[in-house]
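4 protein chains.
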Amino acid sequence: MIISMKKGATKEQIEHVKTLIESFGYRVHESVGAERTLLGAIGDERGKERLTCLEAQPGVERVIRILSPYKLASRETKESPTVVDIGFGVKVGGPRIAVIAGPCAVESREQIMEVAHAIKESGAHALRGGAFKPRTSPYAFQGLKNDGLLLLSMARDEFKLPVVTEVMDPAHIEVVLENADCLQIGARNIQNFQLLREVGRTRKPVLLKRGMSTTIEELLMSAEYVLSGGNHDVILCERGIRTFETATRNTLDLSAVPVLKEKTHLPVIVDPSHGTGHARYVEAMAYAAVAAGADGIMIEVHPRPEEALSDGPQSLRPEEFRRIMEGVRNVARAVGRDV
Amino acid sequence: MIISMKKGATKEQIEHVKTLIESFGYRVHESVGAERTLLGAIGDERGKERLTCLEAQPGVERVIRILSPYKLASRETKESPTVVDIGFGVKVGGPRIAVIAGPCAVESREQIMEVAHAIKESGAHALRGGAFKPRTSPYAFQGLKNDGLLLLSMARDEFKLPVVTEVMDPAHIEVVLENADCLQIGARNIQNFQLLREVGRTRKPVLLKRGMSTTIEELLMSAEYVLSGGNHDVILCERGIRTFETATRNTLDLSAVPVLKEKTHLPVIVDPSHGTGHARYVEAMAYAAVAAGADGIMIEVHPRPEEALSDGPQSLRPEEFRRIMEGVRNVARAVGRDV
Amino acid sequence: MIISMKKGATKEQIEHVKTLIESFGYRVHESVGAERTLLGAIGDERGKERLTCLEAQPGVERVIRILSPYKLASRETKESPTVVDIGFGVKVGGPRIAVIAGPCAVESREQIMEVAHAIKESGAHALRGGAFKPRTSPYAFQGLKNDGLLLLSMARDEFKLPVVTEVMDPAHIEVVLENADCLQIGARNIQNFQLLREVGRTRKPVLLKRGMSTTIEELLMSAEYVLSGGNHDVILCERGIRTFETATRNTLDLSAVPVLKEKTHLPVIVDPSHGTGHARYVEAMAYAAVAAGADGIMIEVHPRPEEALSDGPQSLRPEEFRRIMEGVRNVARAVGRDV
Amino acid sequence: MIISMKKGATKEQIEHVKTLIESFGYRVHESVGAERTLLGAIGDERGKERLTCLEAQPGVERVIRILSPYKLASRETKESPTVVDIGFGVKVGGPRIAVIAGPCAVESREQIMEVAHAIKESGAHALRGGAFKPRTSPYAFQGLKNDGLLLLSMARDEFKLPVVTEVMDPAHIEVVLENADCLQIGARNIQNFQLLREVGRTRKPVLLKRGMSTTIEELLMSAEYVLSGGNHDVILCERGIRTFETATRNTLDLSAVPVLKEKTHLPVIVDPSHGTGHARYVEAMAYAAVAAGADGIMIEVHPRPEEALSDGPQSLRPEEFRRIMEGVRNVARAVGRDV
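Residue numbers (numbering that gives the first Met the number 0), protein chains in the order written: chain A, 0 to 338; chain B, 0 to 338; chain C, 0 to 338; chain D, 0 to 338.
For the record, the hints were derived by calculation from the structure and aren't laboratory data. A couple of the hints might just be wrong.
To be verified - Partial chain C-side listing against chain B, Cβ under 7 Å, derived:
| hint | residue |
| --- | --- |
| 1 | Thr-247 |
| 2 | Ser-254 |
| 3 | Thr-275 |
| 4 | Ala-283 |
| 5 | Ala-291 |
| 6 | Val-330 |
Backbone N, C-alpha and C define an ideal beta-carbon position, used for all residues, glycine too.
Build the full structure now, drawing on both the sequences and the hints.
What follows is the structure, encoded as structure tokens:
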């Protein structure tokens, strides 16, 4: 951290800030410029967040962070990319692009079996489907809950597809663990720190979806919560951020892919379905995600989107998904990978 | 809902959409314009969210919502303003501006007592303070938890101030209920629907803080979760949204005050401390909030902000808070209210 | 500027960056921390923008600016507040709140005279009205242009109200200067640097409206363009920024008022009409603006908003404006000012 | 347009609104729902913007637009894709991906010749370079102006590369036309309607860069200004929008590519250099842009980015550009195109 003193800061103010920095356990490096005195606080970065309170001290202009606040998620801590095995030998973060597909919500045995069958045939590697659904409206379909989990588990066994499903409440972790292979933390819970701590205590892979207004740094701090609990199998997912643009449901921030690849060793996937909110834009953005270097994509597929109980507008029909899988394979090969 | 068909939609497509609308339980009103056919779906608005899936149907251009998706929170349902009693006779939503003050986090017995004493002296009506703290970093101070709740409870008894404190996990509701008068749902949990449902089952007042990227409509939908559980004592709080501007920690959206006052009967307060993130801007925004018609303000006060364990930069010293209370009183009277 | 070197930066890389900094004319201050070497560039801040290109140099992690990039607009350069006289003795930036009112666009002689008469009666100090109108659609009313300027000039003479009107093209400056007292640069032209330079060469007051996505710092840099041309009479205007919220046309960023008051000596006014986009929210935000410390407000008034050729939804009727003027006076007095 | 009346709107209010709609020249279609009366205004869409002023009329809740406000830019008006020839036979919008490369600013004869030579060798199709530079700071390098145009023209002649360069002021159009093949309207001028009208009167191709806070619809409205002047050769360019994320300079909105491809017949290119602001992310986003369906890319190349007079951090070295060209070719072929 660097503490920039105000132009007219007095000698006493500067000395007092130095004393405070030292009282927090850091060494001070002073640098006197033409217009400002800068005080560097040297020591363990993890506790430095507290230094921001020095902004409340008279004479202080600003506290500037130099290092990133995450450690375990950082490429500086672990240079080699992390590969996460989500079950049935499916790996996220290796040379193959992982394709996770399925309906927004599990609606019935027929629906989930039909989808699982279709995506397996098209070459997808894992099945997604919500049993517990976070819905903006209390009057909307909230998911089949435990019954939905059982249906997912049945589809997994039948089609040998690992299952990714969302957990919304620490109280549900146990039952989700029994029926799923990878715990998804949804965009709305990305800063539900209690939930992050709890999944950090499990030993199942965790898929973290970036929130609508989560910065890349905050996403990595949320990953840090899971990692610091001892769970190293974390997958990050870009799924669109909230901006002023309304032509798409969210704005898919694909540059997050190369940024994350630079800053962390964790695998990064992209969800073009939520990212755009409209089925007709999913193909273009799935290809773009792979071209940008994503380690996987997550796509919503529903046998009859016009009757879906949630997210119909962004769901692909099975035959559309099949076509896109071929395109994804071509693009993957163009950037030296495969599906 | 209005379903706008594409320019070249065929007669068959239009008929099929009409059939689907009816199969969902709505009547259809058809309107043929110069360039588009519009189909209105007439019936109970609460279930209409599902109609959005019609966007996946060939020939459909767009599904347009006409009515608001919330009912219980709406002024159309209940015209008279709701007044929430948060304990010790303190009312939010009446002619008096409610002032809730206290530290970001409870840090020690001395700290909370010192603050409670100071704010009481200055005329504040309720005490805020976090025992469970949502922190971006797993390495930052996470709150004193149950011990913090006990300290809050002691301060309440000593200074006869109702206590507002955050609950982050359904599992903590019980212990928080025992020690606090008003349950705060923090900005990061505003779409933690499980938690909203649970506090909706209690009969203590709930203070909902708008999330960083929550629209006003979504905030009202989150209130609808609590109200639909039978808990009618909901207070809404504007605390800044995330925008491109970095001069302030968030962008305090004060126009949310008149917008909310128009759309809902629920009381609305403003948190200028989180809204700006810097103590030196709190005074101006506290006055502005009251002038804009807020029913209350929530302000962070700490005896020594430069040593605070969280949010030091935005905390006022007790003497600064006292001065602002006087200004707030003047502005309140200018707009026909009092403190 | 501080240049933060990467963790593994070599000695050669560090030396090369030092050489480059010196070749740009700055002295180097080196600071070796636990994990990073920081290089400070000491010298005239105005040219330092160029140092950002060092990010392209191997071994460099990031270039961090310490000082603000504006000089003439800064409070550090001139501590006393600037008061701008916009004609007929009307001052912006002094103890009185300046109220500028009028229609979005001049539409006819009758209209502008009716409005000018009404606002004068209600106590407004200056007349606004667009002759050249920036319209999103090429098919929308584009303003009466030179005829509109003449009508404004007639209203000025009749009611002794200084006229504020927008200039969109350097080629129009001369004719606008002849007919108006204060040149408005609209939000869409706030980074039309050619236009800023040209109005900087005039000696008439300039009102700069913050753009929809202009940061406070960029707004001050645009002011710097005008100031560096020798024109010291610059007024800044907050008029709402673009965010994800759609309940209002823009999000009025009232915290920009205290931030600007801290950073610059220039007067700051607020436009709640464009800021909210709906007449029914203007009252609350006009009061809030004054309470926040604004030096003036700018309000759209139209005799028949439902027939206005532009911005009808946000225009007040004359009788609504009169009522608000009284409220503004009350709030102004509550914060130690007057109207 | 649909005018939604308030719940309690009186019969008189509804009748008055109908009269107003008719007085503006539209027919009225009335639809009475369970809770609202909706009034449709039927007639020429281009003038309908004016109907928004009905929001100011008592009893009116909201005015809802159904059709897009642009005509000439719309796919409904012209279904076949427009192909723009920017000179030397280089086509934008056809099967080949057009690659436009060059420095942010022309700095010297040596620099522009070196870059033009390098990009030509690597297979780029057109040369970009700024002679008039819009700079946030008045103290930053503002471009070589007319001299820069001459240097561009020399490079064009020598390397047979069409030249794309920015025009910032109507007064410069003539000299730019003499020296360049394609007029670029920069992001900051995308709503400089005077400038748009003027370039609409020329018969040279126009490249419109989306502004930092321009919606896709507004971008198309800006194109409509040029098209309605009779100039049909318009290219649209996505170059990043402003969001809360600061890891990249802007957030490249790649989903704008499929959205624009759906809504307009005009060609769409992408600028990953400005979009990300950092050279190290350009490769990934260039590939992603092509995979998303862009008709071209625009990339900044500088022989020595660490000494560039502007935008050094986002400029590629010639050898980096050459490598990326190969990758672009691979991705282009994977999606059925070529370079």
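Hints versus structure:
Interface restraint check: Thr-247 of chain C against chain B, minimum CB-CB distance 5 Å, threshold 7 Å, status holds. Taking 7 Å as the C-beta contact cut-off toward chain B, the hint placing Ser-254 of chain C at the interface holds, the least distance being around 5 Å. At a threshold of 7 Å, the smallest CB-CB gap from Thr-275 of chain C to chain B is about 5 Å, leaving the interface hint in force. Checking Ala-283 of chain C against chain B by beta carbon gives a least distance of about 4 Å; that is within 7 Å, so the hint holds.
At a threshold of 7 Å, the smallest CB-CB gap from Ala-291 of chain C to chain B is about 4 Å, leaving the interface hint in force. Hint status for Val-330 of chain C relative to chain B: holds, with the closest Cβ pair at about 5 Å, below 7 Å.
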